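Residue numbers (my numbering), protein chains in the order written: chain U, 285 to 614; chain Z, 2 to 286; chain A, 550 to 874.
A few of these clues could be false.
[To be verified] List of simulated lysine-lysine pairs, DSSO-like, C-alpha gap at most 30 Å: (1) U:LYS518 - A:LYS689; (2) A:LYS684 - A:LYS698; (3) A:LYS646 - A:LYS590; (4) A:LYS654 - A:LYS702; (5) U:LYS518 - A:LYS849; (6) A:LYS797 - A:LYS849; (7) U:LYS518 - A:LYS671; (8) A:LYS797 - U:LYS518.
[What the hints assert, rightly or not] So the derived label-pair ranges between C-beta atoms look like this: (9) A:LYS698 - U:LYS290: 34 to 42 Å; (10) A:GLN586 - U:GLU601: 42 to 50 Å; (11) Z:GLY249 - U:LYS383: 35 to 43 Å.
No lab work stands behind these hints, which were simulated from the structure alone. Since this is a predicted model, take the numbers as computed values, not measurements. Glycine is no exception: its CB is placed at the ideal position from the N, C-alpha and C atoms.
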Amino acid sequence: MLDNAKIPGFIGKKILRLISLLLVVSFISFMLVQYSPIDPVRAYLGEMAVSAEHKEKLEEYWGVNTPPQEKFLNWAGSLLKGDFGVSLIYRVPVTDVIKERFTASLALMASSWLISGILGFVLGIAAGMHKGTLFDRAIKTYCYILTATPTFWLALILLMIFSVQLGWFPIGLSVPIGVTAENVTFFDRIEHLILPALTLSILGVAQIAMFTREKLIEVMSSDYVLFAKARGEKGLDLVLRHGIRNVALPAITLQFLSFSELFGGTVLVEQVFSYQGIGLATVAAGLKSDVPLLLGIVLISAVFVFVGNLIADIIYEFIDPRIKQQESTI
Amino acid sequence: MSTAVVNVNRSLFRGLNLRQKTLLIIGFTSLLLLAIVVSSLFIDGESLSTDFGSKNLAPSLEHPFGTDWMGRDMLTRTLEGLGLSIVIGAFASLISAVLTIILGLLSSAGKTADSLVSWLVDLALSIPHLLLIILISIGLGGGAQGVIIGVALTHWTSLTRVVRAEIKQLKTQEYIHISRNLGKSKWWIATKHILPHLIPQILLGTILLFPHAILHEASVTFLGFGLSPHEPAIGIILSESMRYLSAGYWWLAFFPGLSLLIVVLAFDLIGENLGKLMDPKNAHE
Amino acid sequence: MENKTEINAKGKKGTEALLKVEDLSLSFIQYASGLRQTELKVICNLSIQANRGEILAVVGSSGSGKSLLAHAILGILPSNAKLDGKIEYDGQELTQKNKEDLRGKEIALVPQSVTYLDPLMKISNQVIGAVEEGKEGLMKKLQREIFQKYDLKPDVERMFPHELSGGMARRVLVSTAVMSSAKLIIADEPTPGLDEKTLNETLSYFKDMANKGCAVMLITHDIEAALKISDKIAVFYAGTVLEVANVKDFKNDGENLRHPYTRALWNALPQNKFQAIKGHQPMQDEVVDGCIFYERCSKKNELCSKGIPQFKKVNGGVVRCNNVS
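The following block holds chain U by itself, in its conformation from the complex (with noise of 0.2 Å):
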């Protein structure tokens, strides 16, 4: 199936493209930073007091004094090399913070990803199937509701549901305290993992399903699967030899293009249940005014979401055989 005349420069053009896309990306969030009117030793030290020298040292230690031209040419001339500079608050290179944290939020959408999209589409078929019956209008209030909730408002209830009224799960952090790195079992995450992923899950579940349930409708009513009709296919079987096959592919390319709203969706998850992910961080890193590890964060996540839409568009442009129908009739 793949043209692969049409590989090299697709390639060519989606690396240049990352490559433009991060470099406007760091200068725009470095311009928003740097001239901020927050001062970032205020906003690291909070309402602690401390003497006039203590701060005098902390501004030299926050580049307070450097110009900013200085300082973005020194940041991003480190940053060619690899070196995202070392994280404000956690004083540890932000390479490391980043690849600790993304690696649990990592997990945290993985599982989430995956459970509302196969729970969103199997919804989606079978509202579809029934159009217009009880358990479509249940499914799309269902979808409904949840499109309006707010994130952070479901995580609490979540919490106060099955941590402080049941007692099921932990009330916060991702592992438990005082035990070493290599301490924590497989079950330990797990353990923390749950409310996060079912939290995101069950948000995650509604957008797929909606699309789905659109899309097999709009593929329903289609003329192929009319001529189908015509020659006595039904009900089911007629459902998983045409539906399915026809409304598999633009969901999955949807589900991939929702990392951007997977990655927000993970920020407020973790704020909930201080689980010690990448969007923990973020939230530190920018009430702290720590601007290496926010940065660093900014393009990590601009690099996440290019890769769920470049996987979208190989999906659209080489395994989906209509595109080809469409250039070829061109």
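The hints should help you fit chains Z and A onto chain U, whose structure is shown.
Showing chains Z and A alone in chain U's frame:
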């Protein structure tokens, strides 16, 4: 389309046809939202005064939403927060719509301008929305203006895409060609022929932006990048409630969040139903 | 009532009728802008019949609702359609349930274009269709035979619909009907956009089917193509059939044709007078009290504006016109 409310209407107003039902839903939800905004304006400081004699009360007839640790009535706080959310959502959506019109018309000006617009759309979509709002909010020093601008600058993309597609389609129309051949300027065509066609689309799009804007404002405020802790915002209320969760004060989080959900749903409903009135293609369901 | 029994009697006299459509009306409930409900009548009081071993062409201009007639017979109308009248297949009334049981087995549709094939399914799977377990091998063999007969190369089996050329697509679509061994074939616009050679080839497939004893209903806007192979021509106009004529009636100036519209159609052909008829068909939401052709008719009289003319049997055909005897 049918949602919870439509289902209720099916049995409540069996005698009405779809058109009447749709108009009724729009009227009713608009009234609800208006009532929230108006009542939030008339809340005086007195009912929000601290009263340590009645702190941390569970919901009762006197305090349907309960009270917080300073004895403040949560219903009053919630109403005020919702009013604020709607106003902020309105500002952000309006700015987004203005941006959309400007960029839409710009994209109709020529090939270079059009690719610039599509590049801007791609750029705005390249970072997760929430992160971009946080960045912009930091850049502007937080507060209401930070959130409004942050939300406005991240929500114009979807509507701009719709408008761009619409313009592309309009430009193939015969009368636009005739105008061009008659020597009318691009600006003349854009404002006299293209803009009037786009107004209903943009109006509907702006209403549909509302729910997203409100949810994002609340989220960013909840994380601590939006409105200051002194404002009566829903995000602030919920972030405060986190401290009292383990004490079992569930009403501090439950009712304010549920109210926000209902407001967002109301905007969704208005948008959906207006859309159905304008484009009846999907009304058969 | 009298006229109807006459038509039925005629059916028994000639070749045996396989499909009888009587007084069929079809309308759609729709929502217009602002969600005002409207009813759109697309077919009204239509009666035709298709006989075994014959080709019945239903000829009418594009977009006049001919395809919906096919969909009504097969029971694949959208949910907002309202269907009245009687459809009989092989002496048995066709209910929705019967339609669902018979379609694909007894009744086959040859669709009008490649969009009726699943864009993501390989051709051979589509031609074979859904089969019961255990029969795959047999059906595969049959499909190979049919492909060979229709000069479709083995590599077509593995193609996707968009990879087919126009002629290939046509043969693939016809072969789906042959696979089913149906007795009633409904071909919906099978000839548009075909070159002379492919057109004749396609038409010959249908002639073959009729020769084998099938009843073929050929729905088309191309009267010339219809005349090449059909036995009877039903003239479809604004949702109903104005005349059913025998092919031999289309001769010379068409003096044997019964209805003014049929005659006008005949005269509009390039090889005849090439004279187009003035006016247009009434819109689907227009209410017409009298004869549906009243506005454009050259022979209209007062009677024609009051009530729809009943079917009359004239000279071996039927016609809905007051001025024919």
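Hint by hint, here is what the structure shows:
no.: 1; hint: U:LYS518 - A:LYS689; result: holds (21 Å)
no.: 2; hint: A:LYS684 - A:LYS698; result: holds (21 Å)
no.: 3; hint: A:LYS646 - A:LYS590; result: holds (24 Å)
no.: 4; hint: A:LYS654 - A:LYS702; result: holds (26 Å)
no.: 5; hint: U:LYS518 - A:LYS849; result: violated (49 Å)
no.: 6; hint: A:LYS797 - A:LYS849; result: holds (26 Å)
no.: 7; hint: U:LYS518 - A:LYS671; result: holds (19 Å)
no.: 8; hint: A:LYS797 - U:LYS518; result: violated (42 Å)
no.: 9; hint: A:LYS698 - U:LYS290: 34 to 42 Å; result: holds (38 Å)
no.: 10; hint: A:GLN586 - U:GLU601: 42 to 50 Å; result: holds (44 Å)
no.: 11; hint: Z:GLY249 - U:LYS383: 35 to 43 Å; result: holds (38 Å)
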